[in-house]
Amino acid sequence: MAVDLSKFEKAREEQRRAEMEKALADRIKAKRKAKRSRDTGKTALGLNSMMDMMTIILVFLLKSYGEEPIVILPNTDVPISVAENTPEDMTVITVNKEGIFMVRSRILEIEDGKVNGNFKKGGESGLIIEPLEAALRQEVEKLKSIAMANGKEFGGDMTIIADQKTNYRLLVEVMQTAIGTEFKRFRFAVIQGSMKESGRYASAPELP
Amino acid sequence: MARVARVPDAEDLNLTPIMNMVLVLIPLMLLNVVFMTISVIEVTMPQRSAGAAQNGEPPKRLQLFISQQGFTVVESGASLPALENCPGGGPTICPLKEESEGTLETDRHDWRRLYNTLLEIKQKPDWADHEQIEIVADSSVNFGVLVKAMDVSRNQRVPAAEVKTAIKGKPMTTDQEMNESQIPLVDSVDDQGNSGKMPLGMFPVVILGLPTVSH
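Going down the list, the protein sequences come from chains C and H.
With our numbering applied, the first sequence closes on residue 213, and no number is skipped along the way.
With our numbering applied, the second sequence closes on residue 217, and no number is skipped along the way.
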């Protein structure tokens, strides 16, 4: 009697196991089938998350694009400095290896780091650069009328972006010319960096 | 016979053209973005005719002359004697390295000694409130050298480890210490009347002078 009962139980257990195995196999089959049908279906690649990301990146890029009040022209190795004052929108003069620029337009060319004496008042030893003076006078007139329309006074601020290798003489000539046309306050644009890099430029050869 | 208008099934918005545009725009803008922060250094320069005011000359003037041969610090009209390893009668501080091809002019100078010399002047009681430094350079001196000279003279610095607690600058013993030093922030009031933590100044007001003739 006891033996029969154990046999019966064993049989039932076996049956149960077989049933479970079959159910499991069925489920796997169904899953595979579903997968196959999904693969062949028309559903597109899920690009939504990428689109979201790109839209966000685009917004940020556009923002940083429009914000910069100072544009560094190509061919200008701006030196690095520890200064932290933020630049403001004002008259910008760029002095690089090729010439003197106002905003983006070239005012005159520079040869060997010098302005040709013919362009200066008083020849080679002069401090006033004539083409620059003419351009600045025009600019000052424009700025003054804008300031007047806004009920403000013309501040005479100027930002100078200069190449790391610009010599002091040229820099002084530019500033003296500007002083002659009522500019008073000068700011040198620099790139923020550490004391170690200060005075060098970003693409300069490494320190020995 | 009435025709039954067939309403087409609502289709998904076709975003492919927009995607194409965005894909092109992003690399374009990434190329254009400059990952550098631009800041400015304020300077003033007297008009050329201002030299006429010689008689009303302020008694206290700190001048720094920069040349290829080194720095000369002039305190109230008297130039400081040359430091060690520098010939007498010449500049106060000689460059560390000789002029050579491939060396950046900025890297040649002895910025640490310049900083220490200026700090020593600043820490004298009667110079403590002085804020101006006149920087005059040779015609041939690089803009980069000028920028670094301004960086060195405008702020007091301390070794990086002490930046949180320091209230005054410290002289630097090695070039590495100089390179890693930082500007401590102290409570102060700016010219607009705002008070708060501000970088500790040494001679923050820079006046540029007309160039000396290069030798």
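Hints in this document: simulated from the structure, not taken from any laboratory.
Cβ atoms here follow ideal geometry from the backbone N, Cα and C, with glycine treated the same way.
Some hints here could point you the wrong way.
Listed next, the stretches of chain C that the computed footprint assigns to chain H, with coverage defined by at least 3 CB atoms under 8 Å from CB atoms of chain H [claimed, not checked]:
#1 27 to 33
#2 80 to 89
Pulled a few chain C residues facing chain H out of the computed Cβ check, cut under 7 Å [said to hold, decoys possible]:
#3 Leu50
#4 Ile62
#5 Ile196
#6 Gln197
#7 Lys201
Do the hints match the structure? See the list:
1. 27 to 33: violated (count 0)
2. 80 to 89: holds (count 7)
3. Leu50: violated (11 Å)
4. Ile62: Holds, about 6 Å.
5. Ile196: holds (5 Å)
6. Gln197: holds (4 Å)
7. Lys201: Nearest chain H Cβ about 4 Å off; hint holds.
In summary, the structure is inconsistent with hints 1, 3 from the numbered list given earlier, while agreeing with the others.
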